[in-house]
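Q: Sequence:
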Amino acid sequence: MFSIGFAHEHGPFNRRCFGEEGKMTSVGRRDSSLVLALMVAISICGQALGDTLRIGHWEQTTYYRHTFEAEEGVEAALRVTAVGDYTLYINGAQAATDANWQTAEETLVSLESGNNDIAIVVTSFQAEQGNGLLVSLEGGALVVRSTFTDETSLWYWTGDEQVGTDWTTANVSSSWDRVRAGTIDRSQVSGGIFHPETEAVAGYPNAVNLGSSTDGRIVLADQRGQNIALGLNASEVGITDGRIGTPVWSLPQGLGALNRVVDLTLPDLTRINRVRVITKPPDGNETYEGNSLQGYSVQISEDQSRWIEMGGLNDIEDFVFTEVQFNAVLARHVRVQVTQAEVGSDPAKVTEVQIYGVDFVPDGAFVSQPLDFGDADAVKNFGRVRWWADTPPSTSVALQFSTGDSPDTTDGSWSSWSEPFEESDILMPSPEPRRYLRYRVNLHTEDLEFTAALDSLEIDFELAGIAARDASGSVEPNEAAMGVETPFVYRLQLQLGEGDLVETVRVRLPSQPSQVDGIILLGEQILVPEYPTSDEGITAGGRTLHVTPGGVRDLDIRFDPPLSSADAEDLDLEITLESALYTDTHEFRAFLFSPGSEDPQNVRERVVDDASWKVVVSDVDTRDLFGVKAFPRVFTPNGDGINDFTVFEFTLTKVTEPRVVDVEVFDVGGRRVRRLDTPRLIGGRYPNLRVGGDVAQLSPGFWDGKDDGGELVAPGIYLFSVTANLDTGDETVTGVVYVAY
1 MFSIGFAHEH GPFNRRCFGE EGKMTSVGRR DSSLVLALMV AISICGQALG DTLRIGHWEQ
61 TTYYRHTFEA EEGVEAALRV TAVGDYTLYI NGAQAATDAN WQTAEETLVS LESGNNDIAI
121 VVTSFQAEQG NGLLVSLEGG ALVVRSTFTD ETSLWYWTGD EQVGTDWTTA NVSSSWDRVR
181 AGTIDRSQVS GGIFHPETEA VAGYPNAVNL GSSTDGRIVL ADQRGQNIAL GLNASEVGIT
241 DGRIGTPVWS LPQGLGALNR VVDLTLPDLT RINRVRVITK PPDGNETYEG NSLQGYSVQI
301 SEDQSRWIEM GGLNDIEDFV FTEVQFNAVL ARHVRVQVTQ AEVGSDPAKV TEVQIYGVDF
361 VPDGAFVSQP LDFGDADAVK NFGRVRWWAD TPPSTSVALQ FSTGDSPDTT DGSWSSWSEP
421 FEESDILMPS PEPRRYLRYR VNLHTEDLEF TAALDSLEID FELAGIAARD ASGSVEPNEA
481 AMGVETPFVY RLQLQLGEGD LVETVRVRLP SQPSQVDGII LLGEQILVPE YPTSDEGITA
541 GGRTLHVTPG GVRDLDIRFD PPLSSADAED LDLEITLESA LYTDTHEFRA FLFSPGSEDP
601 QNVRERVVDD ASWKVVVSDV DTRDLFGVKA FPRVFTPNGD GINDFTVFEF TLTKVTEPRV
661 VDVEVFDVGG RRVRRLDTPR LIGGRYPNLR VGGDVAQLSP GFWDGKDDGG ELVAPGIYLF
721 SVTANLDTGD ETVTGVVYVA Y
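Here this note's numbering is used: the first residue of the sequence shown is 1, the next is one more, and so on.
Any given hint could turn out to be false.
[Stated by the list, open to error] Here are the simulated DSS-like cross-link-like pairs (lysine-lysine), alpha carbons at most 27 angstroms apart as the crow flies:
no., residue 1, residue 2
1, K629, K654
2, K654, K614
3, K706, K614
Honestly, the hints are just simulated from the structure, not real lab data.
Since this is a predicted model, take the numbers as computed values, not measurements.
With these hints in hand, go ahead and build the complete structure from the sequences.
A: The structure is reproduced here in structure tokens:
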């Protein structure tokens, strides 16, 4: 079951509703009407404006193909099971379908003389039960079974959606991947006796594993059954190109082959446990026996200064392919050395050397289907997103999001993927409101012995309380010198429907504006005499405007009464201000708030002519950390609401990735009394926002006069320091602040 839940906003997580999975159609694809309904039948618990979608199980579809030859037409016994809903085709005709992996289906099928095609589509959404499938066919002398080890019986898979049924008989050997080891517990499968050499095989779309984790998490796929030598550098050209036949490692005749070697180099130190040598298929008068090596050893090395033999074979009788297995060991270099030859023996010809490992792959991704949150006809304002993940050292989980108005992600309504987020509990970054949302889970590991894992995901959303049907923003100019106050004009276009209300517009600036010159609303030019505006605001056009900081970089414009379709269905807002860039680029993103909502609606970028919301620097500031001072320099933290705090202001430039910035306060004896809890910061100006309340505390240099224990410090002179962790090393600037009562 695909685990979905909706939680009532005012009673979070105490009620859950679940829906049943849609069934497979005759061609192995889901009915489109089910996709429109999140592929589950969902009822929403409660009638509050805010709901929460929980996702704890994951769905993925994989396609498998195998072609085999029968010497004559024959009736054969087909046995099959797969983890998930599967449909199996023989020569393009449906032969079996089931959803219970613990019961094998058995049926008789008619095979043709010559080539026959097996095709299987599996949609897996059952965690904790493994991956892949088991297939065997037996009729007369014919035996066909699923395998990932037999080089004479190749099975393939893909995660790309296959439309129609042409794929069930097409030649996919050059475009699909070889199957890898599956993870089905055969002891729990009843209802059919598979051929004893049948192997569980699987494909892992986007290199993630949904079924092997004991608690149903998304983890990276491992390298079992995957030839990690494919495409590697080797001392013999073509020995790792994956093509069985040519080119080959051709050895001298007879004893001249002794001690000849072929070396392969892995990209990094990797744990491996198996090396396979494949003989070139015979041409003309050749035979497999004549082309096969008689004996060889496998050696490994970390740096080529010392080689260690891991095993070998002599008096080889399996002429098509052989392999040497050993306990997993770290290796960077792998060598195959000829150890046996006879006088006058035919020249051996090797077409491929393969290496198999046991570690996880370094990167993988899971991409969800478009989610309609239970109502395909309604637009949603998406709220906060939370996820729970396990990230051992050197691993990471990062999520991306995209929104659109159609279940077809190729239509023009879908946004590009957002930037990846590693920290949970974020506001949805993609354009809103939209009908559909999808997410992408990116897993990464630097240490291939460990994998990151995603446990579950929650997304808040609202069906009501939409601020605007559509909103787009752009800014001019799109180029500015770093560190120089530059006049900008920000234009916001709103489409307002019945019931839409925009109470606050928030624009994310490169730095707090030095001034806001004016606003054009409904064709009226409104001057802003001071920034921030006073508590009374500015009265214009029958409403009051409050222009204040909304955060360290945010400019807020609050409208009383809110903007609505009664003003205009298509409404333009223009803001003229001065601000400075302190990074290479900045995107002037904007957000809309409806009355009473803390969930902002994202504004999309408007690209027209040469304008967009992105500004790039034309000239770089040579300074790194400057403008460090306490404002006010003297403050009185006595709780009377006047000068109760100070802010250690500073400006940071050329920092595009968040860096550690330490702000510390010392007494005159050098003893530290307070270390501020500052977040990681990018380039920008971080001033006193000149406002009170919670917004004032958003300044990273905010100090309320208390020590690390939460007690007010004694009046007197204090020293402070601001230290930025830069590429060139730590840079520190110090200053003085006075505490008085």
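Q: A separate judgement is required for each hint: does it hold in the structure or not?
A: Okay, the hints, checked on the actual structure:
Of the pairs offered as hints, the one joining K629 and K654 holds, with about 20 angstroms between alpha carbons and a cut-off of 27 angstroms not exceeded. At roughly 17 angstroms between alpha-carbon atoms, K654 and K614 fall within 27 angstroms of each other, so this suggested pair holds. The suggested pairing of K706 with K614 is violated, with an alpha-carbon distance near 40 angstroms, which exceeds 27 angstroms.
When the structure is compared with the earlier hints, a violation turns up for hint 3 alone.
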